[in-house]
Amino acid sequence: MTNRLANATSPYLLQHKDNPVDWFEWGDEAFAEAEARDVPVLLSVGYAACHWCHVMAHESFEHQPTADYLNEHFVAVKVDREERPDIDAVYLEATQAMTGHAGWPMTCVLTHDRAPFFAGTYFPREPQRGMPSFRQVLLALVDAWKGRREEVSRISDDIVRHLGSAQRLPGSSSAATEVAAAAVEQLTREFDGRRGGFGTAPKFPPAMVCEFLLRRAARVADERAMQMAGQTLEAMARGGIYDQLAGGFARYSVDDRWDVPHFEKMLYDNALLLRVYLHWARQSEDELPRRVARETAGFLLAELLTAEGGFASALDADSDGEEGVYYVWTADQLTEVLGRDDGETAARLFGVRVEGNFEGRASTLRLDSDPGDAVLHTDLVRRLLAARNTRTRPARDDKIVAAWNGLAITALAEASMIFGDRTYLEAAEAAAGLIIDVHLSESGRLGRVSRDGLVGAPDGVLEDYACMAEALLTLFGVTGEPSWFERARGLVDQIRRRFPSGDGGFFDTAADAEVLVKRPRDPTDNATPSGQSMTAGVLVAMAALTGDDDYRRDAEALLGTLSPLAEQAPRFAGHTLAVTEALLDGPRQVAVVGAEADPGRMDLVKAAYRLPHPGVVVAQGSPENPTVALLADRGLVDGSSAAYLCHDFVCDLPVTSPGELS
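Numbers in the numbering used here are just positions in the sequence shown, counted from 1, shifted up by 194.
Wrong hints could be hidden among the right ones.
[Claimed, not checked] Beta-carbon label-pair distances, calculated as ranges:
#1 Glu-229 with Gly-492: 35 to 41 angstroms
#2 Ser-834 with Ser-368: 54 to 60 angstroms
#3 Val-569 with Val-844: 36 to 42 angstroms
#4 Val-548 with Glu-516: 19 to 25 angstroms
#5 Met-325 with Val-709: 33 to 39 angstroms
#6 Trp-246 with Asp-744: 35 to 41 angstroms
#7 Arg-639 with Asp-827: 46 to 52 angstroms
#8 Ala-376 with Leu-805: 44 to 50 angstroms
#9 Thr-382 with Gly-684: 16 to 22 angstroms
#10 Leu-805 with Gly-324: 21 to 27 angstroms
No lab work stands behind these hints, which were simulated from the structure alone. Positions of the beta carbon are idealized from the N, C-alpha and C atoms, including for glycine.
Using the sequences and the accompanying hints, generate a full structural model.
In structure tokens form, the structure reads like this:
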């Protein structure tokens with residue numbers, strides 16, 4: 195028999211629809227049931243591509259005796275963290291406070307008023323390595339609930355008070371220039387000079403930090419910043435974290451060499467990394483960033499594009515019930531596919547050794563040095579990829595998340611200009627059209643997720659509005675279509691009306707959203723940019739396009755609330771720092787005017803997107819119908835399309851050729 199999750203829209207929840215656990219979705223029904231039965235609520239949070247979520251499901255949630263005990267003594271609630279980042283953020287903070295660490299699967303136990311009194315992550319079916327079994331945890335919790343209810347109430351009250359005390363963000367007295375300079379100094383101390391990246395294993399791709407460093411290098415010719423970004427990006431591109439056969443990056447590396455990844459591939463990682471490799475290509479003569487950017491864009495289109503025109507959330511780490519088996523190779527397998535001579539060549543090229551670096555003496559594929567024979571390299575990749583395609587493919591989470599699609603739209607639109615490839619632009623426009631048609635209501639509210647062309651129940655959070663606003667502003671710059679700008683302005687209006695915190699910042703949920711034990715407000719740029727740093731970037735761009743000083747003042751106030759984090763922990767404020775660099779640069783504006791049918795106009799736009807300046811804001815249109823203030827009073831030059839390079843609306847003389855603009 196299926197449980198209540200059978201009608202869910204989330205692929206993660208649907209993975210659990212046949213569990214013997216009598217799961218509820220998050221909502222009043224679950225908590226009313228718990229109160230009526232006088233049992234606690236067990237909240238389990240994860241996501242479809244999460245390897246350890248699968249492990250705990252197989253060990254415990256599919257185990258009939260464990261499920262029977264859970265059903266008798268708890269009301270079990272399953273949440274997809276990607277659908278409900280607000281719920282995830284609140285209870286992740288509680289888990290961190292109670293245990294000192296957090297992650298997924300996340301296991302919290304709540305009172306009837308949604309307050310947590312116990313938290314943890316993965317628990318095995320049997321005790322191991324000092325961890326109690328899941329059944330032991332459940333027994334202890336039932337004992338506490340029945341015999342020590344006052345203690346349960348005290349703990350839950352303390353946690354709720356702790357969550358509330360961390361609500362307001364401190365301001366900063368440091369100037370933006372000081373914050374950016376201090377961040378480079380701190381990152382230099384944490385930089386791994388041998389292998390790239392920051393800190394030790396596990397290593398996550400620091401896309402936003404590298405974006406900041408590239409912008410810093412472009413603005414003030416900071417050689418340290420350029421060196422740290424370049425070395426990190428090259429190390430990742432050559433490592434096992436990058437799919438050397440089909441492009442695209444895995445979630446993170448379990449070692450410090452970028453060698454053995456956790457194999458799930460996330461849309462947000464690849465969208466952010468596509469963009470930063472594009473920007474590295476603008477500042478480097480090396481062919482590597484251009485190749486990796488093209489291959490990563492190809493991965494998005496080949497593996498994550500859905501029938502509806504949006505981008506799916508992730509590819510699973512597992513296939514055939516094992517992590518990574520789709521991607522790894524033994525030396526014998528290379529020989530079997532390629533023959534002895536080419537197999538030995540491939541083993542040398544991709545760092546495959548007999549002893550392997552993964553389970554079963556298998557190896558991830560690396561590229562320790564440039565292949566001497568490009569034709570042979572291409573042929574080896576083609577043949578290995580054909581053989582790999584006969585293996586069981588990892589499952590795909592087909593849910594469309596507005597924020598992450600926004601990141602992909604922005605990156606692909608820029609790629610279409612930098613590479614002159616209209617395929618990327620067509621994909622970006624189709625994804626934006628899907629979000630507008632399916633996620634955006636007539637009232638201007640944005641739904642967070644959809645699947646199979648149907649919007650889900652969860653409301654959009656701040657990052658959804660901000661990421662989509664940035665995407666639409668990018669499409670406006672790339673195409674000159676006024677409707678993209680008008681849609682973006684509508685999303686920004688929603689942010690300013692429904693998300694303000696009253697101290698210059700913004701909450702992650704709207705004022706009329708579901709009330710949780712805390713209204714989340716996370717400033718950290720972690721796996722994705724925070725909603726707040728994305729909002730800051732959008733406000734900077736809106737000020738540059740419209741000349742409205744209110745947007746700039748709002749951006750400066752918001753960055754002021756984020757500055758302490760950027761100073762103290764720049765690894766978790768990469769996008770905040772990247773936006774700071776754009777603001778310090780003016781921001782730089784390019785206004786391109788010309789007849790829509792004039793190919794010279796688009797040549798100038800492409801040249802504008804190839805400029806390395808931090809956060810260049812581009813607008814294009816005809817002189818007769820300027821959509822935004824940046825285009826007003828800009829004329830043609832001798833009847834030809836012209837580009838005006840401006841700095842806070844103070845413009846240089848117009849130019850008519852891409853070379854002059856560069």
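- Met-325 and Val-709, beta-carbon distance inside 33 to 39 angstroms? Roughly 34 angstroms apart at Cβ, these two residues keep to the hinted range, so it holds.
- Message: Within 35 to 41 angstroms: is that where the Cβ-Cβ distance between Glu-229 and Gly-492 falls?
- Response: Given range 35 to 41 angstroms: violated, Cβ gap about 52 angstroms.
Look at the Cβ atoms of Leu-805 and Gly-324 and judge whether their distance stays inside 21 to 27 angstroms. violated, 55 angstroms
Quiz prompt | Supplied distance hint 16 to 22 angstroms, evaluated on CB atoms of Thr-382 and Gly-684 | solution = The hint (16 to 22 angstroms, Cβ to Cβ) is violated, given that Thr-382 and Gly-684 are roughly 42 angstroms apart.
Do Trp-246 and Asp-744 keep their Cβ atoms within the hinted range of 35 to 41 angstroms?
-> violated, 46 angstroms
**Message:** Verify the CB-CB distance for Val-548 and Glu-516 against the hinted window 19 to 25 angstroms.
**Reply:** About 21 angstroms separates the Cβ atoms of Val-548 and Glu-516, which means 19 to 25 angstroms holds.
Could you check the hint for me, namely that Arg-639 and Asp-827 are 46 to 52 angstroms apart, CB to CB? violated, 36 angstroms
task: Starting from the range 54 to 60 angstroms, see whether the pair Ser-834 and Ser-368 falls in it by beta-carbon distance.
output: Cβ of Ser-834 to Cβ of Ser-368: about 46 angstroms, so the range 54 to 60 angstroms is violated.
Quiz item: Can the suggested window of 44 to 50 angstroms be confirmed for the beta-carbon pair Ala-376 and Leu-805?
Solution: violated, 27 angstroms
Val-844 and Val-569 - C-beta distance against the hinted 36 to 42 angstroms: violated, 51 angstroms
Hints 1, 2, 3, 6, 7, 8, 9 and 10 from the list above are not met by this structure, while the remaining hints are.
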